[in-house]
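Chemist: Chains as they are written, first to last, in my numbering: chain H, 1 to 325; chain X, 1001 to 1243; chain R, 2001 to 2363.
Be careful, since some hints might not be right.
[Claimed, not checked] Among the chain H residues that face chain X by a calculated CB cut under 8 Å, a handful are: (1) Thr28; (2) Asp29; (3) Thr62; (4) Lys65; (5) Leu156; (6) Ala200; (7) Leu209; (8) Leu210; (9) Asp211; (10) Arg213; (11) Ala217; (12) Leu218; (13) Arg259; (14) Leu268.
[What the hints assert, rightly or not] Derived DEER-like restraints, expressed as beta-carbon distance ranges: (15) X/Tyr1094 / H/Val155: 21 to 27 Å; (16) R/Ile2118 / H/Arg317: 35 to 41 Å; (17) R/Ser2218 / H/Val155: 58 to 64 Å; (18) X/Thr1158 / H/Val311: 37 to 43 Å; (19) H/Val311 / X/Lys1095: 30 to 36 Å; (20) X/His1116 / H/Ser23: 50 to 56 Å; (21) H/Arg296 / R/Lys2222: 28 to 34 Å.
Bear in mind the hints are in silico, worked out from the structure with no lab data behind them. A quick note: this is a predicted structure, and the numbers were derived from the prediction, not measured. The C-beta atom is built at its ideal place from N, Cα and C for all residues, glycine as well.
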Amino acid sequence: MVFGLLAFVVLSVAANIYFAGSSNVWGTDNAEYILFNLRLPKTLTCILCGMGLSTCGLLLQTFFKNPLAGPSVLGINSGAALGTAMVILFSEHIYLGYLWENVGFNYGVLIISSLTGALLVMAVIYTLSLAVKNQAILVIAGLMVGNIALAIVGVLQYYSQPDDLKNYILWTFGSVAGLSMNQVGIMAIIIVPTFLACIALSKQLDFMLLDNRTASALGFKSKTMSRRVLLLSSILAAICTAFCGPIGFVGIAVPYLSRILFAKELHLKLLIVNALLGASLILWADVLCHGIAGFRLPLNVVMALFGSPIVLLILFRYRRTKSLG
Amino acid sequence: MEIKHAHIGYTDSLFMVDNLTVKPGEILCILGNNGCGKSTLLQTMAGFLSPLKGMVVRDTHQQIAFLGSKSQSHPQLKVGQALLLAFNKHKPWYKSYSADQMAACDALLKEYNLLHKKGAYVNELSDGQMQKLWLGQALLSNPDILFLDEPTGHLDATNTAFIFMKLKHWVETENKTVVLTSHKIDWILQFSDNILLIDDNKSEQFSTGHPELVDRLNDCFSGSYHKVDFGRNQYQLQFKNKN
Amino acid sequence: MWKITLNTIFKSVLIGLILSTLLSCQSTATSTDTVENEQAWNENAYADKFKLRSTNDSVFLQIESPVSNQYIDYAFRKYSVSEIALSNSVQWSFLKLLVGKKELPGAVAGHKYFCDSIIHSSVADGQVVELRGAENIDEEQMILSESKLLLQDGFGQRILSQEGTKPYVTLFIMEWKENHPLARLEWIKVLGALVGKEKEATSIFENKRSAYETLKNSFSKKSISCNVMTSAPYKNEWHIPAKNSYMETLISDAGGALLHNQQNEHVSQKLNLEEAYIDFKVADVWLVNSGIEQLKVLEAAVPFYNEIKAAQKGNIYNYHKSKAFGNYFFWEDGVCQPEQLLSEYRQMFEGNLEQSKYYMHVE
Chain H
1 MVFGLLAFVV LSVAANIYFA GSSNVWGTDN AEYILFNLRL PKTLTCILCG MGLSTCGLLL
61 QTFFKNPLAG PSVLGINSGA ALGTAMVILF SEHIYLGYLW ENVGFNYGVL IISSLTGALL
121 VMAVIYTLSL AVKNQAILVI AGLMVGNIAL AIVGVLQYYS QPDDLKNYIL WTFGSVAGLS
181 MNQVGIMAII IVPTFLACIA LSKQLDFMLL DNRTASALGF KSKTMSRRVL LLSSILAAIC
241 TAFCGPIGFV GIAVPYLSRI LFAKELHLKL LIVNALLGAS LILWADVLCH GIAGFRLPLN
301 VVMALFGSPI VLLILFRYRR TKSLG
Chain X
1001 MEIKHAHIGY TDSLFMVDNL TVKPGEILCI LGNNGCGKST LLQTMAGFLS PLKGMVVRDT
1061 HQQIAFLGSK SQSHPQLKVG QALLLAFNKH KPWYKSYSAD QMAACDALLK EYNLLHKKGA
1121 YVNELSDGQM QKLWLGQALL SNPDILFLDE PTGHLDATNT AFIFMKLKHW VETENKTVVL
1181 TSHKIDWILQ FSDNILLIDD NKSEQFSTGH PELVDRLNDC FSGSYHKVDF GRNQYQLQFK
1241 NKN
Chain R
2001 MWKITLNTIF KSVLIGLILS TLLSCQSTAT STDTVENEQA WNENAYADKF KLRSTNDSVF
2061 LQIESPVSNQ YIDYAFRKYS VSEIALSNSV QWSFLKLLVG KKELPGAVAG HKYFCDSIIH
2121 SSVADGQVVE LRGAENIDEE QMILSESKLL LQDGFGQRIL SQEGTKPYVT LFIMEWKENH
2181 PLARLEWIKV LGALVGKEKE ATSIFENKRS AYETLKNSFS KKSISCNVMT SAPYKNEWHI
2241 PAKNSYMETL ISDAGGALLH NQQNEHVSQK LNLEEAYIDF KVADVWLVNS GIEQLKVLEA
2301 AVPFYNEIKA AQKGNIYNYH KSKAFGNYFF WEDGVCQPEQ LLSEYRQMFE GNLEQSKYYM
2361 HVE
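Isolated chain H, as found in the complex:
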């Protein structure tokens, strides 16, 4: 199964590089430039983004002991969206010289503001989690905090200029294209170490599967780990959101699926498997974005349109043979 997965990932990368773009590229003089400057960064973005979002979802599902949890459900995406909207929509009113380059927003500022938004939401949820022991209430609280963030985004949208609004709407569709190698490098510098940190925490994550007190008695540091998990998942969600827009679906569906498909694994392997699945999902979604009869579709639309039926299919198949818990 693991080899199958690896083969699938390699296939996804190859398919993404070959198909996700114009079909008449190959054989022309420009093929080399397009491959190294447009396709490759896009493929790498897909991989990093899939890795980041699915890992974030897995951490949150473990933390909340709830397969419904995910960056988009808990409002982390909304928080990051608020941070980004501040930059895209509201920057004229809080004008700072370094906020803008000559023609667009500065990614450094974008990352910081979206990270701040995500951490703010997470901080609220974390504070609540200290007082409220019921995980279901926390998920609802996350939804509410996310709603507040989106409402503020709504206010910003209402008072913004039409062209800024258009930029923001385009951003919400999600896109893995258009990043330079430098920007992909920045994504990698943040996502890869964060992912490795998650792997290093895999043992503690395993403890989180158990009842909190049982785990604590076994040597699990509940408070420190809660803070770390929330911090790590916020970083992952915020970076992906800042660069690629609020991409939904991956964060919820992939962790749930990898827990079904690789039910025997604990977090050490599960994290890796999950990241690979997440990466290949976005790689294929990007192929579909470009692929169908010359139509170009936004990433989030493709994900919802094609991803959801696949998940439903898997759920039905497994419902017949095994129970899903």
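For chain H, the structure is supplied; the task is to place chains X and R on it using the hints.
Modeler: For chains X and R alone, kept in the frame of chain H given last:
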């Protein structure tokens, strides 16, 4: 483990434990009416809460295990994984579980008659199976002191007997300590060595052979919900047999 | 040992974050070509969003950024029209004035927004490459089309590419940021310089400028009193143009008075329906200036429709006369015909719209 002049409670003191010592090889049972603070005391002893005043003295090198009454685990956790997690503490994060550890889990599942459920999700087990599973996990982690909150909550007689037999056997063979709360007074009188009775914001400690114990138990429980008829002679006879 | 490694990992993540943020600030900061300012910029008659200077084989430009008040420096070589990719139909109407329809651009982004049939037919037969969408161009197609200069309008996606970073360079045509109709037209000088038709561009501009100014002077000699209201509401919001904007300048040069521009004059504003009712009752002429083509739609959208004087008199106009492929020529080449627009405005204000290219009665 010792408790000295400890006031127990979350924010307000519910009762005081003046002086309590638990020795290895003993089973201590905390008895009392619903809501009197049994679980709070148990959590204080396990170190999850600190006493409002006074202190709980426990050797920090001692391993503990804690089994709550409502165990909330991840809905996608499997039975086999739950058992393996007992060994998680001493495993480096980059290593998998050893063959010995897996064999130990299988042996335990077989002994507990759960082997056919190894691939099932924990949340799908019946109450009795789940309680047995968590007990097995706690024992696998090889603690020095085991805390159990209502381990036999809504179990039938067979499963209750199974759990108490296991505990008694483990305490006697390995010289370990068990502290538990329970409402199954008949079973407790039979299996535990000491009883801490919480009544009217006071706590009293009795050994199970103590002559006043049965009177006090009758006082405590009859007042609240129903009259418990303890066959005094029968139990005393049993204690004599045992000692 | 375990704790130490864990902490190290955490610290390295944090340090990585901070470092990368700094890095990103640096790496995305673009290095703009320094233009020697020894020579003076050409003098502009109206436009103030660009500065232009050119030699036989190169063009130097300073253009206001689409997102701030800073100027971006550019240095270009000369291009043939087929080396240019367009993303806005106004750019095409400028080029058409300069070179006619003989030469076609190499690529366009969003040809469905163009009125000109030659663009549609040449995209269909593959002569002009479609870059798939004006907001988000397909860079791969851009490179494959072998176009060397991408003209952007500063809306949506903004690519800043100068020599060396990409196989093509980009330039923002920011004519929409100008407030005077002649200032918008003056941008034809930029395109003229880029395709080596500076003289033609200057003479086109000067001709149209003198025509416009002559008309304006003749109108100011014979003053009329005409209150003008513009646009139509969406739900409870009624957007109206700012003072000294393109629309307001045309209206006042034609002798009309744009209603409600007293407060907050320099930005376009939203009125609610109540404010609109108070202000617009007295309007003589209503320039709808939107996609609304039928009176009944307007009647349904405005609760106090029958109270408006312009509606009672039937003086409701819109720019729907010339239309192709679902787009209005007003947006495509209206910018190139300021004198035509001015004369149509005057005709509407005087109540006899006879010779018009853009405006017509809404019925």
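Chemist: Now tell me if each hint is right for this structure.
Modeler: Against the structure, the hints:
Nearest Cβ of chain X to the Cβ of H/Thr28: about 47 Å, over the 8 Å cut. The hint is violated. Proximity of H/Asp29 to chain X is violated relative to the hint, the smallest CB-CB distance being about 48 Å (cut-off 8 Å). The interface hint given for H/Thr62 is met, as the beta carbon of that residue sits about 7 Å from the closest beta carbon of chain X, less than 8 Å. Proximity of H/Lys65 to chain X holds as hinted, the smallest CB-CB distance being about 5 Å (cut-off 8 Å).
Look at H/Leu156: its Cβ only gets to about 38 Å from chain X, farther than 8 Å, so that hint breaks. Checking H/Ala200 against chain X: minimum C-beta separation of about 6 Å stays under 8 Å; hint holds. Interface restraint check: H/Leu209 against chain X, minimum CB-CB distance 4 Å, threshold 8 Å, status holds. Interface restraint check for H/Leu210: the shortest CB-CB distance to chain X comes to about 5 Å, inside 8 Å, so the restraint holds.
Contact between H/Asp211 and chain X, as hinted, is supported at the beta carbon level, the nearest pair being about 4 Å apart and thus within 8 Å. Given the 8 Å rule on beta carbons, the hint for H/Arg213 holds: about 5 Å separates it from the nearest Cβ of chain X. With its C-beta approaching chain X no nearer than about 4 Å, H/Ala217 sits inside the 8 Å limit, and its interface hint holds. Because the closest C-beta pair between H/Leu218 and chain X is about 5 Å apart, less than 8 Å, the hint holds.
A least Cβ separation of about 5 Å between H/Arg259 and chain X falls short of the 8 Å threshold, and the interface hint therefore holds. With 8 Å as the threshold, the beta carbon of H/Leu268 comes within range of chain X, its nearest partner Cβ sitting at about 7 Å, so the hint holds. The supplied range of 21 to 27 Å is broken by X/Tyr1094 and H/Val155, whose beta-carbon atoms lie about 48 Å from each other. Between R/Ile2118 and H/Arg317 the Cβ separation comes to about 55 Å, which falls outside the hinted range of 35 to 41 Å.
Checking the proposed 58 to 64 Å range against R/Ser2218 and H/Val155 shows it is violated: the Cβ atoms sit about 49 Å from each other. Against the hinted window of 37 to 43 Å, the Cβ-Cβ separation of X/Thr1158 and H/Val311 comes to about 42 Å, which satisfies the hint. A beta carbon spacing of about 33 Å between H/Val311 and X/Lys1095 agrees with the range 30 to 36 Å that was offered as a hint. Checked against the hint of 50 to 56 Å, the pair X/His1116 and H/Ser23 passes, with Cβ atoms roughly 54 Å apart.
For H/Arg296 paired with R/Lys2222, a C-beta distance near 55 Å fails the hint of 28 to 34 Å.
In this structure, the earlier hints numbered 1, 2, 5, 15, 16, 17, 21 are contradicted, and the remaining ones agree with it.
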